[in-house]
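> Below, each chain spelled out in residue letters.
Protein chains: 2
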Amino acid sequence: MKKPSKKKQPRAKKCRVTFLPKKAEALVPRGTSIYTASLKGGVYLNSACGGQKQCGKCKVRVRKGKVKKGTASILDAADVRAGLLLACDTLVEGDVVVEVPPETAAAKGRILESAATGEGDFPLDPLVKKIYVEPEPPSIENNIDDAQRLAMAVCKAAGIKAAEPDLDVIRDVTGAAREKGWKLTATYAPLGDAYRIIRVEAGNHEADNLAAAIDIGTTTVVVHLVEANTGRAIDVESKYNSQMKFGEDYIKRIMYAEEFLNFDEMRRLIVADINDLIDALCARNGADCLDIASVATAGNAAMQHFFLGLDPRNIRREPFVPAANFLPPVRAAEVGLNVNPRAIVRVLPGVSVYVGADITAGVLATGLYRNKELSLHIDIGTNGEIVLGNREWMACCSASAGPSFEGSGVKHGMRATDGAIEKVRIEGGYAATVSTIGDSKPAGICGSGLVDVLAELFKAGLLDRSGRFHFTEGGPIRIDEEGTPEFALVPAAKSRIERDIVINQIDIQDLIRSKAAIFAATAILAESMNVKFDDIRHVYIAGGFGNYLNIENAVVIGMLPDLPKERIQFVGNTALEGAKRCLLSREALEAANEIARRMTYFDLMSNYKYMDYYQQALFLPHTNLGLFPSAKKYAKA
Amino acid sequence: MKKPSKKKQPRAKKCRVTFLPKKAEALVPRGTSIYTASLKGGVYLNSACGGQKQCGKCKVRVRKGKVKKGTASILDAADVRAGLLLACDTLVEGDVVVEVPPETAAAKGRILESAATGEGDFPLDPLVKKIYVEPEPPSIENNIDDAQRLAMAVCKAAGIKAAEPDLDVIRDVTGAAREKGWKLTATYAPLGDAYRIIRVEAGNHEADNLAAAIDIGTTTVVVHLVEANTGRAIDVESKYNSQMKFGEDYIKRIMYAEEFLNFDEMRRLIVADINDLIDALCARNGADCLDIASVATAGNAAMQHFFLGLDPRNIRREPFVPAANFLPPVRAAEVGLNVNPRAIVRVLPGVSVYVGADITAGVLATGLYRNKELSLHIDIGTNGEIVLGNREWMACCSASAGPSFEGSGVKHGMRATDGAIEKVRIEGGYAATVSTIGDSKPAGICGSGLVDVLAELFKAGLLDRSGRFHFTEGGPIRIDEEGTPEFALVPAAKSRIERDIVINQIDIQDLIRSKAAIFAATAILAESMNVKFDDIRHVYIAGGFGNYLNIENAVVIGMLPDLPKERIQFVGNTALEGAKRCLLSREALEAANEIARRMTYFDLMSNYKYMDYYQQALFLPHTNLGLFPSAKKYAKA
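If you're matching them up, the sequences are chains A and B in order.
At position 309 of the first sequence (counting the first as 1) the number is 309 in the numbering used here, and the numbers step up by one without a gap.
The number in the numbering used here is simply the position in the second sequence, starting from 1, with 637 added.
The following block holds chain A by itself, in its conformation from the complex (with noise of 0.2 Å):
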């Protein structure tokens, strides 16, 4: 037999995309993006569009083959001088090599484990638990169905009164029950006044009870993996959301869901995303996600409908009203989760549409509900929401803060992933000195970083207090390609990305901006419930920003009220916090509810002097030093 000449099929054939430095192949049509390649090929790039050539953070070289240049203009001269493209902007037409620089490949999540600050912990109580019953096999005398059977044996080896199997699990039992012998391991869960049984499997599979706790953020998604028994942590994952494209407000997404009459879309790609999660923190841990018995998730309001796929509309109208604050729980099959089926899911309430359950979340993390003192708990996302209150009141507020302090919108901001400068000292002769998560060679900016940058240079005199670089000739201050100031934290010869790490004088407003829309909010909420920053004995700080937060230097900036350090604290992810408690505990469930029906939200929109706050804290520290004692002295001009 004759062999099939090549020049007969060359459209048959398809383009092989090896990435470097892992190897990892891909086979694909000709014309497929780079991006997309990696997706196939299991390459995760950084990306915050997914692949909408707008974020510029999916840079890939290519070392070899022929691709089709795109005309996106988002690279800067630096990039392209330093020959990389982006991955959604170029198109393979044949073999392909291409190198991801270490800036580009998606680095292994990391967050911090709160610490939290509750009097006293929620007794260890999971929403889900698993048994193993060893129930006398079936005979002429005693013939019982296998539900009943199984059923009888979890009531009295659990010590409930009944346990009603689902319908799978009846599906399931007869061959389960025969596999080895009547030993069987059942998952069962509470939901409503009852027990459910909600999965049944051969053999004593008790330790392998998983939990997924989960926050849907504006800008990043995480995925906190737990051992539902013990609580031990196992892993965490976290990702840019995929709706970024859409906007990076949530507004502008429901907007142009709205348009396009497109939410299941906005619901598929958070679910995507957080299926993505799922998947790689199974794969890293070798764990089933089968044994995914439980999932707790703490967003917005928004993030939470589109999760839902609820109709999301009014949340932008007058007199903005949820589809719902609080969710029945619901099976991970309604909600396309990639966990068991059957597994419950709590979307854990939330207050209105502008405080949200992360928010709920947050106060049952920190303890704020329950403390005697009154408490400021402050969380730092795209939005920023204020609570402030003890365990007689709670009054709440939300600020659009934008996602600067996530490392989005920031040109060499990043996630607080590995390689992530966390914190920054500018000292003598304006040299930066700065350390990284995993103490990697460094890749870009988190959030806590960015806090150290923007006090770090105000405290030396290279910001004014407008937040204007002071560029002086031959300086420290430099401007670049583009015209803009900018300032090195790290030179190219030590940045994991071969060029050097900036801050320029739009990253610096957008910072600015940011800080001054939560220092506004909190101020206006506790003159507006009669309290003075100083009646206010404890403050938590929540939010992404990474493992660490200088709480001076958050001080120095303007973005906290200036107290006494030691009443302030950084506690982290509290969201996530929240949401992994409630797993652990019903109790800690039953508590989110209580928050979530006892705070009152106080809309800030509707206060004239929001505005007024808010341009007045447009500098650094703020119009008015007198505000911020510790920090006048740095006020230079």
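By construction, these hints were calculated from the structure, which means they are not laboratory data.
We put the beta carbon where it would ideally sit given N, CA and C, even for glycine.
One thing to keep in mind: the hints can contain errors.
Said to hold, decoys possible - In silico lysine to aspartate or glutamate, DMTMM-like type, Cα no more than 25 Å apart, as pairs: (1) A:LYS156 to B:GLU1231; (2) B:LYS817 to A:ASP193; (3) B:LYS677 to B:ASP901; (4) A:LYS161 to B:ASP1171; (5) B:LYS1269 to B:GLU1118; (6) B:LYS793 to A:ASP193.
Stated by the list, open to error - One side of the interface only, derived from the structure: several residues of chain A facing chain B at Cβ under 8 Å: (7) ILE140; (8) ASP146; (9) GLY159; (10) LEU167; (11) THR174; (12) LEU327.
Keeping the supplied structure of chain A fixed, place chain B upon it in accordance with the hints.
Just chain B now, kept in the frame of chain A:
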């Protein structure tokens, strides 16, 4: 441009199959069977085997066009002479015109509206209710979320404490509320200890609350559509169970499924049958299937296992343990029914693998379980189940009767639909007088007609006590072309099938075996419980015979004990009636559970006397004429 030559694409051309008299058409590839084409064309042919060349029911005539005849030799010489072909065994080879004779056109189903006899009825309190509410629209002052607003309005209007909306309701409520200015109809149901809102609609749809009672029989599937608010019967539809092609009795079907690991195929067949019936009922009555919000099914254990996708293997293996006798409420989407996907489906409880929910439902319908006096309930389907007892105790057993009284396996047998002979008298001159359902031209004989035929032939002296025809040259009994003796009930000229409607020797033997199994089981059960027939005050005869059963004749053939006729009552399809009552009254549903818990199963198979009793009953009326004083006079031989 040139037209493509016809010669080049001979295979692409489809064959047009036209069905007369309806003129329905189907376009199918060459080589498709006429049976398959009929399904595609929406023409409903009678078939018990589902196109497997086994039942011989799908007889058609090809009026025009080329076909390829198959080799199945089921049709008798008269059929062949009449130009009839099996639709499932005839392949189209071009455009074809097919005539569907009346006997083959599947008729509208008809079942008895049971004359159930319980002392007093259950209060009307439907399982699923609808309620119209007009909550106050949200405002800045009153910005409770949509889901809670609805739930609070429902609670207030319905006088219930709490109602939790399903996720799908929360998905819909926002849009529905804005469609007609917060004029909403909620569908709600108790589930566990709480109420669930399972649907929300814009506007007032309180009246559109439908419920479907389903009898899943081994041979026949029946769906009854009722108005849930009033209990009014809307319509009923039945068809043969498509699983028939895998065996007449369910043991054969389990064996088949087990051998080929094809439990899901069995599930799909039965669900498709039910959906066909629901679709037909909705189409005929202009009903919206989404308005069917509650469903109750009554079937034997095997049918319920197949329907729910449970593992049926142990139904035929000692110690005969089902996956479950008691089933949790499920949603229609979980089982694939074509009604509202959130509809509550109640699968009624059974007693054991041999006495299923059809009997629980039957005992509920007749009220046997609350009668002070001793009652006997005999349900004649493919199996005959017998219950004996009163409000103090209940015992039950099951006998394999075969499907002949359901019209299956009998030459001119048919279901109790339009045109079925339901009454027969044979008087002077051996001429049969028949009456049919719908007073239509006769097309075949249903169960009650078969009881009459057997009794009347016996009473007329045309059958001896062992069921053999008295053949006399020139007498009413003739010999057909295969050499089988037969008796003509209706001459071809007066029949809808344009041929004589007959009963033959093989049919007679089949019917006698069926009645013998039932009587033997009844006798054993009574004897075992130490009950004399005369102690029994009420005998309820249930089953799909038709609208009617001649009690006297049922005694004459020895199917029922020879008790005073006023004690015996034909009660129709009590499985369906019981299921309907559970849909209309929560009290009835509770009673059904109580019945299933209380009834004691009595195993005939392990009773050494059963085969003797069965052999003795293989006569007309019985070997022991002393048991049948009222029939004694007919026993001439």
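> Output the indices of the hints that this structure fails to meet, ascending.
2, 4, 5 and 9
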